[in-house]
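2 protein chains.
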Amino acid sequence: MKRSIGAKTLVYPTPTWIVGSYDAQGRPNGMVAAWGGICCSDPPCLAVSLRKATYSYGSLVERKAFTVSVPSQRQVKEADYFGLVSGRDTDKFAAAGWTPIRSDLVDAPFVQECPLVLECKVLQIYDLGLHTQFVGQILDVKADEAVLDVAGMPDILKILPIIFSPGNRVYYGVGESLGHAFAVGKEI
Amino acid sequence: MKRSIGAKTLVYPTPTWIVGSYDAQGRPNGMVAAWGGICCSDPPCLAVSLRKATYSYGSLVERKAFTVSVPSQRQVKEADYFGLVSGRDTDKFAAAGWTPIRSDLVDAPFVQECPLVLECKVLQIYDLGLHTQFVGQILDVKADEAVLDVAGMPDILKILPIIFSPGNRVYYGVGESLGHAFAVGKEI
Chain R
9 MKRSIGAKTL VYPTPTWIVG SYDAQGRPNG MVAAWGGICC SDPPCLAVSL
59 RKATYSYGSL VERKAFTVSV PSQRQVKEAD YFGLVSGRDT DKFAAAGWTP
109 IRSDLVDAPF VQECPLVLEC KVLQIYDLGL HTQFVGQILD VKADEAVLDV
159 AGMPDILKIL PIIFSPGNRV YYGVGESLGH AFAVGKEI
Chain X
9 MKRSIGAKTL VYPTPTWIVG SYDAQGRPNG MVAAWGGICC SDPPCLAVSL
59 RKATYSYGSL VERKAFTVSV PSQRQVKEAD YFGLVSGRDT DKFAAAGWTP
109 IRSDLVDAPF VQECPLVLEC KVLQIYDLGL HTQFVGQILD VKADEAVLDV
159 AGMPDILKIL PIIFSPGNRV YYGVGESLGH AFAVGKEI
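These protein sequence lines map, in sequence, to chains R and X.
The opening position of the first sequence corresponds to residue 9 in our numbering, with each subsequent residue numbered one higher.
The opening position of the second sequence corresponds to residue 9 in our numbering, with each subsequent residue numbered one higher.
So that you can see chain R by itself, here it is in the shape it has in the complex (with noise of 0.2 Å):
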């Protein structure tokens, strides 16, 4: 017998990734967010919601390109902190000791510390309610070295990406394997 919980945004896992944009001055800024995912796989597309409130909202309407860079789990503070400050007022990259790089694809700055960065040019804005969402085509993904296998993609166990859990609002890092996709269904 299951309990009802209510209509709430409790669903498990969610992503932690710093959503990258300039703003009208062309200052690089960026915020945390945990509400996006894939989208479509041709062409290859991620959303992220934002509230209209963010600063960085009237970015991604304005510049049509935003960046999501992936932190690590050593870089958790650093990737809180994305998302306790309003670019309005602050340099949160200075802050946080982290360095915008310009994307030669889009009209938006990665975080060259996080191990993994995709560029997104904005195909589509919807406006559900408090949050908008912004489908992104993915122009390109870029890692960092350390962050590849032997076959050149990249390794999640490298990486070590941050999961959000809605709810208790906790960070958690990422365990050990369970098997390969379209594999271990096959015992069944």
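Keep in mind that the hints were calculated from the coordinates and are not lab data.
One or more of the hints may lead you astray.
The list treats identical chains as interchangeable, and a pair is accepted whether it falls inside one copy or across any two copies.
Calculated cross-link-like contacts (lysine-lysine; reagent style PhoX-like; alpha-carbon spacing at most 25 Å) [claimed, not checked]:
#  : residue 1 : residue 2
1  : Lys129    : Lys60
2  : Lys85     : Lys129
3  : Lys10     : Lys72
4  : Lys16     : Lys166
5  : Lys10     : Lys85
6  : Lys85     : Lys194
7  : Lys10     : Lys129
8  : Lys72     : Lys16
9  : Lys72     : Lys166
10 : Lys60     : Lys166
11 : Lys129    : Lys16
12 : Lys194    : Lys10
13 : Lys194    : Lys72
14 : Lys129    : Lys72
15 : Lys16     : Lys60
16 : Lys10     : Lys60
17 : Lys166    : Lys10
18 : Lys72     : Lys60
19 : Lys129    : Lys194
20 : Lys85     : Lys72
Here the structure is a predicted model, which means the values were calculated and not measured.
Dock chain X against the given chain R, drawing on the hints supplied.
Okay, now just chain X, sitting in the frame of chain R:
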């Protein structure tokens, strides 16, 4: 220096969810989905993206409803199985030993054995390309008593959701706590 990996859907973490629906004959069906995430807090909404070729696609369009059942890492074989075969010719629930429970809020079934389920009414359908995004309003979240914490909220370390890693297509568990959101960043 970052290495370019190309325009791919490589980001971490992504979820492993079972999207439940009824087909035209009223038969319960489910599929595994990693392309999705929360997309709005008010109204509370979750998005999942399905290829038009999936059997579930027509069910969501027709019934304007779906559920998301969050499997535990103990259920990784069953979850993966739901991505290996099609509901067109297979009763996946019966084969996996899972029980479809009719939602009393939306026209879709959830998986009784999964520790956490969300019941969603389709609000928007966005055709993005290979995938179509279904934005569902979360009408209720239901959880097994066993996965609730002392405050009556879901505990991710009791749910033990499955993380999907695109690229190498491997499932992972959840790791250790890294600290509280909106808190650990205050040390910056």
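Structure-based check of all given hints:
{"no.": "1", "hint": "Lys129 / Lys60", "verdict": "both (19 Å within a copy, 24 Å between copies)"}
{"no.": "2", "hint": "Lys85 / Lys129", "verdict": "neither (28 Å within a copy, 37 Å between copies)"}
{"no.": "3", "hint": "Lys10 / Lys72", "verdict": "between (43 Å within a copy, 23 Å between copies)"}
{"no.": "4", "hint": "Lys16 / Lys166", "verdict": "between (33 Å within a copy, 19 Å between copies)"}
{"no.": "5", "hint": "Lys10 / Lys85", "verdict": "between (36 Å within a copy, 23 Å between copies)"}
{"no.": "6", "hint": "Lys85 / Lys194", "verdict": "between (41 Å within a copy, 8 Å between copies)"}
{"no.": "7", "hint": "Lys10 / Lys129", "verdict": "between (42 Å within a copy, 19 Å between copies)"}
{"no.": "8", "hint": "Lys72 / Lys16", "verdict": "between (30 Å within a copy, 19 Å between copies)"}
{"no.": "9", "hint": "Lys72 / Lys166", "verdict": "neither (31 Å within a copy, 40 Å between copies)"}
{"no.": "10", "hint": "Lys60 / Lys166", "verdict": "neither (34 Å within a copy, 34 Å between copies)"}
{"no.": "11", "hint": "Lys129 / Lys16", "verdict": "between (30 Å within a copy, 14 Å between copies)"}
{"no.": "12", "hint": "Lys194 / Lys10", "verdict": "neither (29 Å within a copy, 37 Å between copies)"}
{"no.": "13", "hint": "Lys194 / Lys72", "verdict": "neither (43 Å within a copy, 31 Å between copies)"}
{"no.": "14", "hint": "Lys129 / Lys72", "verdict": "within (6 Å within a copy, 30 Å between copies)"}
{"no.": "15", "hint": "Lys16 / Lys60", "verdict": "within (20 Å within a copy, 28 Å between copies)"}
{"no.": "16", "hint": "Lys10 / Lys60", "verdict": "neither (35 Å within a copy, 32 Å between copies)"}
{"no.": "17", "hint": "Lys166 / Lys10", "verdict": "between (37 Å within a copy, 15 Å between copies)"}
{"no.": "18", "hint": "Lys72 / Lys60", "verdict": "within (15 Å within a copy, 28 Å between copies)"}
{"no.": "19", "hint": "Lys129 / Lys194", "verdict": "neither (38 Å within a copy, 32 Å between copies)"}
{"no.": "20", "hint": "Lys85 / Lys72", "verdict": "neither (28 Å within a copy, 41 Å between copies)"}
The structure fails hints 2, 9, 10, 12, 13, 16, 19, 20 (numbered hints given earlier, in ascending order).
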